[in-house]
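Here's the letter readout for the chains.
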Amino acid sequence: MKVVVTTEPFNPWEQIQVYEQQLGSQALQWGAVTTFVGTMRDFNEGDDVQAMFLEHYSPMTENYLQKISQTAMQRWDILDTLIIHRVGEICPQDNIVLVAAWAAHRGTAFEASRYLIEELKHHAPFWKHETLKNGEKRWVAANTSGDAQ
Amino acid sequence: MKVVVTTEPFNPWEQIQVYEQQLGSQALQWGAVTTFVGTMRDFNEGDDVQAMFLEHYSPMTENYLQKISQTAMQRWDILDTLIIHRVGEICPQDNIVLVAAWAAHRGTAFEASRYLIEELKHHAPFWKHETLKNGEKRWVAANTSGDAQ
Amino acid sequence: MTVTVKFFASLREKVGIGSVQLNVNVPLTVAQAWSQACDELPLPSHVLMAVNMEYVEPSTVLHDGDEVAFFPPVTGG
Amino acid sequence: MTVTVKFFASLREKVGIGSVQLNVNVPLTVAQAWSQACDELPLPSHVLMAVNMEYVEPSTVLHDGDEVAFFPPVTGG
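Protein sequences appear in the order of chains U, G, F and Y.
Under the working numbering, the first sequence has 47 at position 47, and the numbering climbs by one with no breaks.
Start counting at 1 in the second sequence, then tack on 149, and there's your number in the working numbering.
Start counting at 1 in the third sequence, then tack on 298, and there's your number in the working numbering.
Start counting at 1 in the fourth sequence, then tack on 375, and there's your number in the working numbering.
No lab work stands behind these hints, which were simulated from the structure alone.
Remember, predicted model here, so these are calculated numbers, not experimental data.
Errors might be hidden in some of the hints.
Claimed, not checked - Derived contacts from chain G toward chain U, CB cut-off under 8 Å, selection only:
id	residue
1	Ile165
2	Gln166
3	Leu177
4	Trp179
5	Gly180
6	Ala181
7	Val182
8	Phe185
9	Asp191
10	Pro241
11	His254
12	Thr257
13	Phe259
14	Glu260
15	Arg263
From the three backbone atoms N, C-alpha and C, an ideal C-beta is built for every residue, glycine too.
Chain U extracted, bound-state conformation:
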């Protein structure tokens, strides 16, 4: 179980491989990995976005992500979880968040990773501050629902 909140750009696919290598022989026990990666788009609510600052409340944010990881491990038969979240100055196309869940069964892996990203989106103290291409700056008001569109 690992939680990282970082100002550095990260490559989620490389981070998954690094983490899996650390897990070593446990690799023979999982049969399913589900991941979610959120990236920054260059538009939001109809406007062109140039840059973003992601504020957070440390260490409440890290504590909260640890707490939901533990809850996921208790609620489902999960072997491991990994959450990485970017903060600070962010550019379009940068990766913002990675959530991964390792399990013996695919249903468990899907439900746990879905749970982690929904809890993170709705309760982890992060706030997005956008700079639009026209120079305007604004706080993103709220996260959208996780329903399929």
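Assemble the complex: chain U is given as a structure, and chains G, F and Y must be docked to it using the hints.
Same frame as chain U, but now just chains G, F and Y:
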């Protein structure tokens, strides 16, 4: 949209990066990627498994995976999908399947990737033939349900 | 007309045939193709079947040149 | 007793304070800490609050040394 059925070992995390690079400027349009990776464990139904042969019915298998990819693109607001499936001789810890869905919204990405793996598991013509550590060989009878455990 | 009948995985081992060609003069359903190819062995209820690589029912009627496939429940992924 | 009150994101800009210390002699709820720190500005209904980095309700009673935080709906991920 891409479907690959291959006898060669593959690294799903590298394949995702290669595919994303090919998508190029489309990268600014998606905000969410959900992936599922299935790996071979060294046990099944209480027995130690040494190796596996994955048989398939070409090109019905490839056709079927193309068909469900198209259905996912029509049913949800998906930007792209990638399915890679291994066949032939497989060793424990090898990656068997990768499913990935790119979308603007996380709910869409989750539902589409879940749909793809469930359809693949229940209808794509693949058959697993296990060699146990005790030398016995057997066909896997059926896939388990995708419910969380 | 001529149809090709294929068997996969455990079903291929059970019937002892990988592929066989049937030459018939009358219209033939998928279920009848099974009977002809398998010496009247009953068609197991869990067997899946495809014609020209699309899933079909036992009552589907075959045409000249069709490829019929019979196989057990799938176990990929 | 002394409590630290913090404000984040758009709420910090709205109240014009990042962090302030309150020194009080009487028991204080989270809602009362807001009023003292914000010159009786009404507590907006959508504001979230935490004490010592755990989510709480406005009626939660504070203790000496507590850190209270007020912030708008979160937008991470």
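Structure-based check of each hint:
no.: 1; hint: Ile165; verdict: holds (6 Å)
no.: 2; hint: Gln166; verdict: holds (5 Å)
no.: 3; hint: Leu177; verdict: holds (5 Å)
no.: 4; hint: Trp179; verdict: holds (7 Å)
no.: 5; hint: Gly180; verdict: holds (5 Å)
no.: 6; hint: Ala181; verdict: holds (6 Å)
no.: 7; hint: Val182; verdict: holds (5 Å)
no.: 8; hint: Phe185; verdict: holds (5 Å)
no.: 9; hint: Asp191; verdict: holds (5 Å)
no.: 10; hint: Pro241; verdict: holds (6 Å)
no.: 11; hint: His254; verdict: holds (5 Å)
no.: 12; hint: Thr257; verdict: holds (5 Å)
no.: 13; hint: Phe259; verdict: holds (6 Å)
no.: 14; hint: Glu260; verdict: holds (4 Å)
no.: 15; hint: Arg263; verdict: holds (6 Å)
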